[in-house]
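Novice: Residue-level listing of the chains:
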Amino acid sequence: MNFDFSDDAKALGDQAKKLFADKAGTSAARKAMAKDAPAFDAALWAEIAALGWTAARVPEAHGGLGMSAEESCMLAEAAGGSLACVPLVSTLLATEALLMAGNEAQQAKYFPGIADGSCIAVVAWNEPGSANPQALSVSAEANTLNGVKAPVADLAGAQLAIVAAAGADGPSLWLVDLAAAKVETLETMDLVRRHGRLTLNGVAAEPLGSSADYQLWLDRAAVILAYEAIGTATSAMAMTVEYAKTRVAFGQTIGRYQGVKHKCADMYIKIELARAHALHGIAMISSNGAELRQAAAAARVASLDAASFCGEEAVQLHGGIGFTWESDCQFYYRRARTLSAALGGRGWWADRLVRALELRNRAAA
Amino acid sequence: MDFNDTAAEAEYRATVRAWLEANADEYREPPATPWKLDEFIARSKAWQAKKFAAGYTGITWPKAFGGQGLGPMQSIIYGQEEGRFHAPSGLYSIGLGMCIPTVFTHGNPEVAARYVPKALVGDEVWCQLFSEPAAGSDLAGIRTKAVKDGDDWIIDGQKVWTSFAHASDYGIVVCRTDPSKPKHKGLTMFIVDMKAPGMEVRGIKQMSGGSDFNEVFFNNVRVPDAWRLGAEGDGWKVALTTLMHERLAVGGKPKHAPGYATLMKLAKGVEAPNGGPAIEAGDVRQRIAQSYINDEGIKLTQLRALSALSKGEMPGPEQSISKVVVAKTMQEMAAFALDLAGGDGFVTEGADPELDKLQGSYLWSAGLRIAGGTDEILRNIIAERVLGLPGDLRPDKDKPFNAAA
Numbered sequence: 001m002n003f004d005f006s007d008d009a010k011a012l013g014d015q016a017k018k019l020f021a022d023k024a025g026t027s028a029a030r031k032a033m034a035k036d037a038p039a040f041d042a043a044l045w046a047e048i049a050a051l052g053w054t055a056a057r058v059p060e061a062h063g064g065l066g067m068s069a070e071e072s073c074m075l076a077e078a079a080g081g082s083l084a085c086v087p088l089v090s091t092l093l094a095t096e097a098l099l100m101a102g103n104e105a106q107q108a109k110y111f112p113g114i115a116d117g118s119c120i121a122v123v124a125w126n127e128p129g130s131a132n133p134q135a136l137s138v139s140a141e142a143n144t145l146n147g148v149k150a151p152v153a154d155l156a157g158a159q160l161a162i163v164a165a166a167g168a169d170g171p172s173l174w175l176v177d178l179a180a181a182k183v184e185t186l187e188t189m190d191l192v193r194r195h196g197r198l199t200l201n202g203v204a205a206e207p208l209g210s211s212a213d214y215q216l217w218l219d220r221a222a223v224i225l226a227y228e229a230i231g232t233a234t235s236a237m238a239m240t241v242e243y244a245k246t247r248v249a250f251g252q253t254i255g256r257y258q259g260v261k262h263k264c265a266d267m268y269i270k271i272e273l274a275r276a277h278a279l280h281g282i283a284m285i286s287s288n289g290a291e292l293r294q295a296a297a298a299a300r301v302a303s304l305d306a307a308s309f310c311g312e313e314a315v316q317l318h319g320g321i322g323f324t325w326e327s328d329c330q331f332y333y334r335r336a337r338t339l340s341a342a343l344g345g346r347g348w349w350a351d352r353l354v355r356a357l358e359l360r361n362r363a364a365a
Numbered sequence: 366m367d368f369n370d371t372a373a374e375a376e377y378r379a380t381v382r383a384w385l386e387a388n389a390d391e392y393r394e395p396p397a398t399p400w401k402l403d404e405f406i407a408r409s410k411a412w413q414a415k416k417f418a419a420g421y422t423g424i425t426w427p428k429a430f431g432g433q434g435l436g437p438m439q440s441i442i443y444g445q446e447e448g449r450f451h452a453p454s455g456l457y458s459i460g461l462g463m464c465i466p467t468v469f470t471h472g473n474p475e476v477a478a479r480y481v482p483k484a485l486v487g488d489e490v491w492c493q494l495f496s497e498p499a500a501g502s503d504l505a506g507i508r509t510k511a512v513k514d515g516d517d518w519i520i521d522g523q524k525v526w527t528s529f530a531h532a533s534d535y536g537i538v539v540c541r542t543d544p545s546k547p548k549h550k551g552l553t554m555f556i557v558d559m560k561a562p563g564m565e566v567r568g569i570k571q572m573s574g575g576s577d578f579n580e581v582f583f584n585n586v587r588v589p590d591a592w593r594l595g596a597e598g599d600g601w602k603v604a605l606t607t608l609m610h611e612r613l614a615v616g617g618k619p620k621h622a623p624g625y626a627t628l629m630k631l632a633k634g635v636e637a638p639n640g641g642p643a644i645e646a647g648d649v650r651q652r653i654a655q656s657y658i659n660d661e662g663i664k665l666t667q668l669r670a671l672s673a674l675s676k677g678e679m680p681g682p683e684q685s686i687s688k689v690v691v692a693k694t695m696q697e698m699a700a701f702a703l704d705l706a707g708g709d710g711f712v713t714e715g716a717d718p719e720l721d722k723l724q725g726s727y728l729w730s731a732g733l734r735i736a737g738g739t740d741e742i743l744r745n746i747i748a749e750r751v752l753g754l755p756g757d758l759r760p761d762k763d764k765p766f767n768a769a770a
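Note that the protein sequences, when read in sequence, are chains U and X. At the far end of the first sequence sits residue 365, using our numbering, and the numbering has no gaps. At the far end of the second sequence sits residue 770, using our numbering, and the numbering has no gaps.
Since the hints were derived computationally from the structure, they do not count as laboratory data. The C-beta atom is built at its ideal place from N, Cα and C for all residues, glycine as well. Don't take every hint at face value.
What the hints assert, rightly or not - Chain U regions said to be covered by chain X (calculated; three or more residues, Cβ under 8 Å):
#, segment
1, 95 to 104
2, 214 to 228
3, 242 to 252
4, 261 to 267
5, 283 to 292
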């Protein structure tokens, strides 16, 4: 049995955590909060591209390194843990879609740019007025799209959008060149990661795979996003544990009190449950396993629970200082909501999990 | 990434499976009615002897003590394969899992040579006598005393929550031998003959109605000094090594306990408060999902540990979350499911088998949240040993035991 990341993937994850510890983290996030700050850290993005992280999952035939989903997940965890102000997770999600569903011509057209970092690709999934990834109002007709996508993470500065839209046989993905689309900024609860509104008025689009590919992509994207959330939750926990070791109240460090330490233990429990399901998700991606749907949904729900709980209890355990603008707690607290809004919320995925279990039971009956 | 055995593991599994196919035929199905204690003990002894003869006992123990000298994966594989049958298990799990490794690690060689083989073949059953009425979570608060008398020790006191004490021949007992030392320093461990004069075993009736544990009273029970395990005053250290042997044995959800699948089945046949089948109700689906995430999350966490063992590495600290998640999930799921069934979930008389199981599970889970480390102690352990938070304030820790409040 080998239910663990490969040594190569772990090494890449360690490298990413180290670089982000130096160049990202909460102090960089604080700079990114400024109203006039650029959409993302271009210098860090260039460094990431030079290290081959944007090329990790791209096939070798298209200028990439041909690595597995494990590497994407390790990168997502490192990015999530450091709040890195780069469109890395968006690009990883778009890369996965192009890898699964793109035809040869589409891959040849977009992968080289993604691999060298010159093409930033994002995922436009959310729509105003809806939280159901199956009920989309943006519609496709004769290879054009109409409607509004918002909020879209990392939209400003991106060149390519993978857009989810309703088609004749259900929702599916479309490739949209952002040069031809209307892109506006959109303020969100997340003050660090920039979001935008994408207005599509008869914008030309290319179909990217089938509606079945869209369903499969949702599952794979959920696993990658689970690792981002696990990274964020783990950093919130680490920050809180450190504080609990040093803050003194009633004559002793607060980490001695069960009221404090039990919450830290609960953070750990929620994170490890999420890790178990997320790892199951990768194993299912790698083997095209039948349990991907349930593993991905469980990973998504468990990781959102971990990120929310850790973000909320980080503020709580820091006490008053944690509620100040100057405290870093707010980054994790706010980011938990970003993660939840990224691809259908907890309720939708919990329902998808039960649906997957029902299908499995029917098949077994 | 894969869930496959290595070649060597697959070979061992095939051998085990073939042996079980040939030898465990009578245990393919669970007994129609649960065995009475005498039959359970007789069947357990016969099955253990059969396993011993075939080399499936003491799988990880050194050969010098009659073991097979194999790795943890072989032991786990045997357990998985035997788990597909319903052979009597449990009678030896504490004795062979915890007591006897302590005997051969800390006991004197002649004593080990006398007791280890008979335990392994199943002739003699062992129990573990640690907990006391005033020493549960605070296990080092042991008051049962042992006083030196020539070459013997005289033991007086009371132990509690001892599994299989009534069926045991011997036990290992932690006693206070020096109350003038701080609580962790004045303890010593001994072997004790459960049939010796002055021993009294009384069953405890649990709130669930069953009797799975005992109280054990010691009234001037005499044990020879040769039965001491470890040095005088080292009882706490020895007890920690005993409990270490328990770590790998700590499982997930009890094998036949209801889980998310039970809730799904039940919810199909029950009407939701707003009409329609309960399985379509949002809150029910959320609860099924949470139950799946917790129970399957623990199973997957255990697979992470097996994967590490299979590669010859130490499992990570994430194993420590298992029991605290499983016990509380069992309780919450059972309560939710019983409430969903309304009055039927509450009536025990003539309850259908699924509801009967859920009622049993609800009652049993209250004990499971306490046994082998309470939810609170387990959270302390995660916070202190895994996350590195400072220990709880323990004002009695360095005071002489007999001077502490």
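Novice: Each hint needs a verdict: does it hold in this structure or not?
Specialist: These are the hints, each one checked on the structure:
Remark: the segment 95 to 104 of chain U is not confirmed as covered by chain X, as 0 of its residues place a Cβ nearer than 8 Å to a Cβ of that chain, below the required three. Against chain X, the segment 214 to 228 of chain U contributes 0 residues with a C-beta closer than 8 Å to a partner C-beta. That does not satisfy the three-residue criterion, and the hint is violated. With a cut-off of 8 Å between beta carbons, the segment 242 to 252 of chain U has 3 residues touching chain X; three or more are needed, and the interface restraint holds. Beta-carbon proximity to chain X at under 8 Å applies to 5 residues in the segment 261 to 267 of chain U; the threshold of 3 is reached and the given coverage holds.
Counting residues of the segment 283 to 292 of chain U whose CB falls under 8 Å from any CB of chain X gives 3; the rule of at least 3 is met.
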